[in-house]
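**Q** Listed here are the chains, written in short residue letters.
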Amino acid sequence: MVLEASFDAAPAAPAETWTPPTSERPLVKWTLVGIALAFLGFFLFLPLVAVFVEALRGGVGIYFDAITEPDAVAAIRLTLIVAAIAVPCNLVFGLAAAWAIAKFRFPGKSLLITLIDLPFSVSPVVSGLVFILLFGSQSLIGPWLISNGIEIVFAIPGIVLATIFVTFPFVARELIPLMQEQGTGDEEAALSLGASGWQTFLYVTLPNVKWALLYGVLLCNARAMGEFGAVSVVSGHIRGLTNTMPLHVEILYNEYSFQAAFAVASLLALLALITLSIKSFLEWRFADGLKAQRSGH
Amino acid sequence: MDISVRELRKTFDRYPALHDVSLDIQSGELIALLGPSGSGKTTLLRLIAGLEFPTSGSIFYGTEDASGKSVRDRQVGFVFQHYALFKHMTVADNIGFGLKVRDRSKRPSSAEIRRRASDLLDLVQLPGLEDRYPSQLSGGQRQRVALARALAIEPRVLLLDEPFGALDAKVRKELRRWLRELHERTGHTTIFVTHDQEEALELSDRVVVMSQGRIEQVGTPDEIYDTPATPFVFSFIGDSSEIPISVSGGEAHVGNRSIGVFAEGLPDGPARLFVRPHDLDLVSDDPQTIAAVVTAVRRNSGSRFVEAEIDGCRSKVEIELPADDMRVFEGRIALKPKRWKIFPDAKRPNSQSVVGKGPYKHESEPKPPDYSQMVS
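Top to bottom, those sequences are chains A and B. Anchor point for the first sequence: position 138 equals 1377 in our numbering, and the numbering is continuous, going up by one each time. Anchor point for the second sequence: position 301 equals 330 in our numbering, and the numbering is continuous, going up by one each time.
The hints are simulated quantities; they were obtained by calculation from the structure and are not laboratory data. Be careful, since some hints might not be right.
Looking from chain A toward chain B, a few residues come up when the C-beta cut is under 10 Å (computed) [stated by the list, open to error]:
| hint | residue |
| --- | --- |
| 1 | I1340 |
| 2 | A1341 |
| 3 | R1344 |
| 4 | R1412 |
| 5 | G1424 |
| 6 | E1427 |
| 7 | A1428 |
| 8 | G1433 |
| 9 | A1434 |
| 10 | Q1438 |
| 11 | Y1495 |
| 12 | S1496 |
| 13 | Q1498 |
DSS-like cross-link-like pairs, simulated, lysine-lysine; straight-line CA separation at most 30 Å [as the list claims (entries may be wrong)]:
| hint | chain 1 | residue 1 | chain 2 | residue 2 |
| --- | --- | --- | --- | --- |
| 14 | A | K1342 | B | K116 |
| 15 | B | K116 | A | K1449 |
| 16 | B | K345 | B | K367 |
| 17 | A | K1342 | B | K367 |
| 18 | B | K202 | B | K98 |
| 19 | B | K98 | A | K1348 |
| 20 | B | K116 | B | K129 |
| 21 | A | K1348 | B | K116 |
| 22 | A | K1518 | B | K367 |
| 23 | A | K1348 | A | K1268 |
| 24 | B | K345 | A | K1342 |
| 25 | A | K1342 | A | K1268 |
| 26 | A | K1342 | A | K1518 |
| 27 | B | K129 | A | K1449 |
| 28 | B | K129 | B | K98 |
Just a sample of chain B residues kept apart from chain A, beta carbon distances all over 10 Å, derived [said to hold, decoys possible]:
| hint | residue |
| --- | --- |
| 29 | R35 |
| 30 | Y90 |
| 31 | S99 |
| 32 | R101 |
| 33 | Q104 |
| 34 | R131 |
| 35 | L158 |
| 36 | A198 |
| 37 | D308 |
| 38 | A325 |
| 39 | N329 |
| 40 | E349 |
Predicted, not measured: the structure shown is a model, and the values here were computed from it. We put the CB at the ideal spot given by N, CA and C, even for glycine.
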């Protein structure tokens, strides 16, 4: 009783002066928030707004002319085709690589993990040059390719190859940590219940990683459509044939067609915004599912 | 289904996890694999299931050699430590999974699968939870669903890896009793892994005690507790004190003092005497006793524990007395074991142990049956 009384009597810290131990003084807090917001505004928001303002400077009519002009349409089409080939390829490769790394132990595994990051660490120009060295007319198999009429560099196959190379890490990077964390317990359970390898993959592994996979695919797609450096090296800039949207923007800009350049650029920017919106929507809509998956059981 | 394991060896990256283990399990038995972590008990279970493949040795399901068969073909019901329920499927879909993935010719209709899932949910006493998701269940409920899912495929043997490991103490006790009842009703040959000796001794027909990739002893819970075959089993199961002694002329000595314990048939030399706290008597000083000095007295629910340090060596013993024993325990005391076991120090050929019982040294018990023969 005495003890209880002493607890009651002990003056509780007044609520208004008590702050969590991890919090900072208001001055520090708002300075930090302010710096972060100013940085974001200057480096992200301002350029984005500038793109749209520039694109619409001469009016909506010119804007639509710029994006419906045949070369622009060809560039948009090529970009979509390249993404439509590169993204599914990387979905399969990424899934396979993540599966191999997360579920098996084999020699050279750490090397594989490092190699997956290579496209991120190498300059895109180098990535493009690699394909020129491999398939160009000066390369070992170049003469054979020419004599058989197979065009790789300065043609669509080269652009697709370069894009696949540059965007390879996105899906794999997204899946590896998740699959490593999930381990092989669910798969073992499915197998012990009599499922085949394919059934296990389809009914258990894939549903377990579907959100991470979608996430990786979205990022991969955004990069596949926006890739400039590597594609620029292998494309050859043939108007209406091997120009993707980013290359088309550059050509227009170099020709001082600023508004047309910004109009096409705004399409790319819009694409990025849509990707981010879908991503945020998925995160919001399936937050519980994602959390449940990441926390395991 | 009889399960027989013959000289099973498993090596992970040159690290041996299991050394030539042999074990016979009779149909309908409930067997516990008990041991500390790293004793190879889970490895043995996974080998029996087919989730690992042995480095050498073989596994028989009845008369059929299952060693080369995959887990898919062995038809075992495996319950994982963390249940491994499929999070994106409802409870009914989880339970029906094993039926759904069957070949078309052997697959029941989806209505039939659903009906069986409901029956199994009744069996595990979770009626009406068909459409819940695993995340909406408590730990104990998940455990039961995992068991129902394993039972759905009509397994030849039920294998459970630390089935109650992730549950809190109260649920654990309930589920333990429930599992025992379920086993009696369904009669599946069941093997479960546990590090909890209470669980193993209470639940199983026979206990397999393992340590460092070897089987130390196989026996009924009574045999394991009352006549431990090795020093490891004695110290691992229940409470015990270990007293370093020396044997000379068939008698046990601490230092130079004979402690009144008969060690007939043991070679002269260092040995260890194991005794349980409730098998130590406090006696009035007598030249042939263990002399010790009280260091602490504790009260724990129904018992009073006296901790004492033995003269002439650093080791401590614990004596369990009824809580109403109101004697004052201080200073020097004299102890006599009622039951004990002496193990000559290891790495000596023909080393054998001697079991003792009774206040007088000449009433030593005959040697217990040799469990090592049951093991091999």
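**Q** If a hint holds in the structure, say so; if it does not, say that too.
**A** Now the hints, each set against the structure:
no.	hint	verdict
1	I1340	violated (18 Å)
2	A1341	violated (16 Å)
3	R1344	holds (9 Å)
4	R1412	violated (23 Å)
5	G1424	holds (4 Å)
6	E1427	holds (6 Å)
7	A1428	holds (4 Å)
8	G1433	holds (5 Å)
9	A1434	holds (4 Å)
10	Q1438	holds (5 Å)
11	Y1495	violated (55 Å)
12	S1496	violated (51 Å)
13	Q1498	violated (49 Å)
14	A:K1342 / B:K116	holds (19 Å)
15	B:K116 / A:K1449	holds (12 Å)
16	B:K345 / B:K367	holds (18 Å)
17	A:K1342 / B:K367	violated (55 Å)
18	B:K202 / B:K98	violated (36 Å)
19	B:K98 / A:K1348	holds (28 Å)
20	B:K116 / B:K129	holds (17 Å)
21	A:K1348 / B:K116	holds (29 Å)
22	A:K1518 / B:K367	violated (73 Å)
23	A:K1348 / A:K1268	violated (44 Å)
24	B:K345 / A:K1342	violated (49 Å)
25	A:K1342 / A:K1268	violated (44 Å)
26	A:K1342 / A:K1518	holds (27 Å)
27	B:K129 / A:K1449	holds (21 Å)
28	B:K129 / B:K98	holds (21 Å)
29	R35	holds (22 Å)
30	Y90	holds (14 Å)
31	S99	violated (7 Å)
32	R101	violated (5 Å)
33	Q104	violated (7 Å)
34	R131	violated (6 Å)
35	L158	holds (17 Å)
36	A198	holds (20 Å)
37	D308	holds (43 Å)
38	A325	holds (28 Å)
39	N329	holds (26 Å)
40	E349	holds (34 Å)
Comparing the model with each numbered hint stated earlier shows that hints 1, 2, 4, 11, 12, 13, 17, 18, 22, 23, 24, 25, 31, 32, 33, 34 do not hold.
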